[in-house]
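Read off the chains here:
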Amino acid sequence: MRRLTWFNATSLTLGFAFLYIPMIVVIVYSFNESRLVTVWGGFSTKWYGELLQNEAFLDAAWVTFKVGFFSSIIATVLGTMGAYVLVRGGRFYGRTLFSGMIYAPLVMPEVITGLSLLLLFISIGLDRGMFTIILAHATFSMCYVSVVVSSRLVSFDRSVEEAALDLGCTPFEAFRLVTLPIIAPAVISGWLLALTLSLDDLVIASFVAGPSATTLPIKVFSSIRLGVSPEINALSTILIGIVTIGTIAASLTTKRAVARRQREEQMAEQSA
Amino acid sequence: MPETAFEPWNDPDAKPLIQFRNVTKQFGDFTAIDDLSIDIFEREFFALLGPSGCGKTTMMRMLAGFETPSAGMILLDGQDISPIPANKRSVNMMFQSYALFPHLSVYDNIAFGLKRDKLPKDKIDARVKEMLRLVQIEKFAQRKPEQISGGQRQRVALARALAKAPKLLLLDEPLSALDKKLRQDTQFELMDIQEKTGTTFVVVTHDQEEAMTVASRVAVMDHGKLKQVDTPERIYEAPNSTYVADFIGDVNIIEGHATAEGDTVSIAWAEGQPPIIGTPSKPMGDCKVSFAIRPEKVAIAAEKPQDRRNLVQGKVLDIAYLGNLSTYHVQLVNGTVIKAQASNTRRRASLPFTWGDEVWLSWTDTAGVVLES
Chain D
621 MRRLTWFNAT SLTLGFAFLY IPMIVVIVYS FNESRLVTVW GGFSTKWYGE
671 LLQNEAFLDA AWVTFKVGFF SSIIATVLGT MGAYVLVRGG RFYGRTLFSG
721 MIYAPLVMPE VITGLSLLLL FISIGLDRGM FTIILAHATF SMCYVSVVVS
771 SRLVSFDRSV EEAALDLGCT PFEAFRLVTL PIIAPAVISG WLLALTLSLD
821 DLVIASFVAG PSATTLPIKV FSSIRLGVSP EINALSTILI GIVTIGTIAA
871 SLTTKRAVAR RQREEQMAEQ SA
Chain E
95 MPETAFEPWN DPDAKPLIQF RNVTKQFGDF TAIDDLSIDI FEREFFALLG
145 PSGCGKTTMM RMLAGFETPS AGMILLDGQD ISPIPANKRS VNMMFQSYAL
195 FPHLSVYDNI AFGLKRDKLP KDKIDARVKE MLRLVQIEKF AQRKPEQISG
245 GQRQRVALAR ALAKAPKLLL LDEPLSALDK KLRQDTQFEL MDIQEKTGTT
295 FVVVTHDQEE AMTVASRVAV MDHGKLKQVD TPERIYEAPN STYVADFIGD
345 VNIIEGHATA EGDTVSIAWA EGQPPIIGTP SKPMGDCKVS FAIRPEKVAI
395 AAEKPQDRRN LVQGKVLDIA YLGNLSTYHV QLVNGTVIKA QASNTRRRAS
445 LPFTWGDEVW LSWTDTAGVV LES
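In order, the protein sequence lines correspond to chains D and E.
Just so we're aligned: the first sequence equals residues 621 to 892 in my numbering.
Just so we're aligned: the second sequence equals residues 95 to 467 in my numbering.
Among the hints, a few may not be true.
In silico negatives: residues of chain D with every beta carbon more than 10 Å from chain E [what the hints assert, rightly or not]:
1) 644
2) 646
3) 673
4) 681
5) 718
6) 734
7) 830
A few chain D residues facing chain E, derived, Cβ under 8 Å [unchecked claim]:
8) 712
9) 777
10) 779
11) 780
12) 782
13) 783
14) 785
15) 787
16) 788
17) 790
18) 801
19) 802
20) 884
21) 888
Quick caveat, the hints were computed from the structure, so don't treat them as lab data.
Predicted model only: the values in this text are computed from it and were never measured.
Even glycine gets a Cβ: it sits at the ideal position worked out from N, Cα and C.
Take the sequences, apply the hints, and build the full model.
See the structure below:
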């Protein structure tokens, strides 16, 4: 192992301090005994207990979870279908326009997306609530899914699908038995992306949410306007914990996949 | 049963398995196949040979059902196959990239087509095992395509394409991904498998050596047209155009003016050089011709040979030593370079000629091909 020079060590410390000090502050103060957020009053876990008693937060969390679950599934199905047609559909009329249009929502300011969805829901007389949030989230996250899936479709050998047709598959069977299993990792990561986007969206949700349904980000944001409570710190700490576990799990899985791949390559070489 | 030569193309009663009838295929303004007609017979090992972009892959894709002709008809067993989609044709293809299903084991790759036919399980199992034996990869049945070597993948691809016992098997550059040594071994195996299964094979390749080795007939293509369709031996020894002569193997081409002299022609080709005496395949009048002669048909000697009618003198310009053979580039007095090949039959002797040596080149009346140009 090489030792770091003092310059590198300083850069590393400064960089990571910049990234993580805000989060550390939140985590530390979530264990604060005092109700005053900025005054340390000793260690306690009582705010976690209070958080679990707070029905408003628990409801919001449940709504957020349901919205994330359904909207990400809708986005994954629609996004995958869109990517498949745009990449494999051949050169139908207007294809370039469509491929451009699928990327446009990615760069559209969220405020505009939110506003236009709100206007749409009002004009067709749809009551705002969980259903409208699900629709709105599916709308903006399907483009992300479609981008992820189409990059996988572009990179894999078209002749594999032709081989499936050649061996007697109908086009739909070829998709189900060959294409889908091959692009599955991209579909799954697209789904995870859509889920994450939905879980932490504030702007669009606050346009299309109604009194009957509030998501966690909206709830957090509105309660902060009344002053930061230690409960929010506790909630943030829990979210940071979930994200950390998720990230570590993902990187372990990737590492294992790489190791398996290396083993397979070795096997191939030995069998040659 | 007496061995009769397998030559259905010479039998007027033979019914072709595949017929291309005036097939044209256009992609936008580009004509990939230009009014092409050809018959391919059952049990043939037929090679489509040509440079990239000559249309050979398009022909194969039309047979497989991935492209439809713009005009003309393709018949399989006397039936027009244009309206039949790829998945309903009794034609299977081995892809250049092998196109194995990466998420399935070797066994399941081979079983894939059989499962689509809804065959009973035990029948599928028996057939897959038979295929694994045929291409000698029983050991790897449970492995994924990533876990086997390139040569083994090639076998899996072949087994998968043969599993459904198609009337016609298409092979797209089947050996191009293998290294040279493995390729040569596999060529013979491929011929062996073709004979064992009795399947008609159509192979697309740009490798003339491969086409010559494996095929019963070779079609040389250029710009969407067939230049010559014949046995490998006829293609090599009796090419019908300078394009074919030049595409297959090494050749000297000499342009000149022919004058008929009975069965032979006398070709005047350069000031101060004696005319070349050649034998055309059919009688021809006085006209411009190209004389094509293979380097191995040109003898090289230090002393002037007595018995040859075609004799020229020159200087050794270059020597390409290939181990079993040496090719000498000999420059004549007028600047023309003619290649002559000699086999190196003796081991210890140093090469008989060296750079700058004065040598005599000679060949017989029938050694070269006279082509009207």
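So, going through the hints one by one against the coordinates:
The beta carbon of residue 644(D) sits about 44 Å from the closest Cβ of chain E, which is more than 10 Å, so the claim that it is off the interface holds. Against the 10 Å criterion, residue 646(D) stays outside the reach of chain E, whose nearest CB is about 43 Å from its own CB. Consistency note on residue 673(D): stated as away from chain E, and its beta-carbon is indeed over 10 Å from all of that chain's, at 48 Å minimum. With a minimum CB-CB distance of about 37 Å to chain E, residue 681(D) clears the 10 Å threshold, and the non-interface call stands.
The Cβ of residue 718(D) lies farther than 10 Å from every Cβ of chain E, with a closest approach of about 21 Å, so its non-interface assignment holds. Distance check for residue 734(D) against chain E: the nearest CB is about 40 Å away, which clears 10 Å, and the non-interface claim stands. No beta-carbon of chain E is positioned within 10 Å of the beta-carbon of residue 830(D); the least distance is around 44 Å. Restraint check, residue 712(D) versus chain E: the minimum CB separation of about 15 Å is more than 8 Å; hint violated.
Contact between residue 777(D) and chain E, as hinted, is supported at the beta carbon level, the nearest pair being about 5 Å apart and thus within 8 Å. A cut of 8 Å between beta carbons decides the hint on residue 779(D): the least distance to chain E is about 4 Å, and the hint holds. Annotation: interface hint on residue 780(D) holds; nearest CB of chain E at approximately 5 Å, less than 8 Å. The beta carbon of residue 782(D) is positioned within 8 Å of a beta carbon in chain E (closest approach about 6 Å), and the interface hint is therefore held.
Satisfaction of the interface hint for residue 783(D) is found here, the shortest Cβ-Cβ separation to chain E being roughly 4 Å, below the 8 Å cut-off. Because the closest C-beta pair between residue 785(D) and chain E is about 5 Å apart, less than 8 Å, the hint holds. The criterion of a C-beta within 8 Å of any C-beta in chain E is met by residue 787(D), whose closest approach is roughly 4 Å, and the hint holds. Interface hint at residue 788(D): satisfied, since its Cβ lies 4 Å from the closest Cβ of chain E, which is below the 8 Å cut-off.
At its closest, the beta carbon of residue 790(D) sits 6 Å from a beta carbon of chain E; the interface hint therefore holds under the 8 Å criterion. Contact between residue 801(D) and chain E, as hinted, is supported at the beta carbon level, the nearest pair being about 4 Å apart and thus within 8 Å. With a least beta-carbon distance of about 6 Å to chain E, the hint placing residue 802(D) at the interface is held under the 8 Å criterion. Satisfaction of the interface hint for residue 884(D) is found here, the shortest Cβ-Cβ separation to chain E being roughly 5 Å, below the 8 Å cut-off.
Below 8 Å, beta-carbon pairs count as interface contacts, and residue 888(D) has one with chain E at about 5 Å; its hint therefore holds.
Consistency note: the structure conflicts with earlier hint 8 alone.
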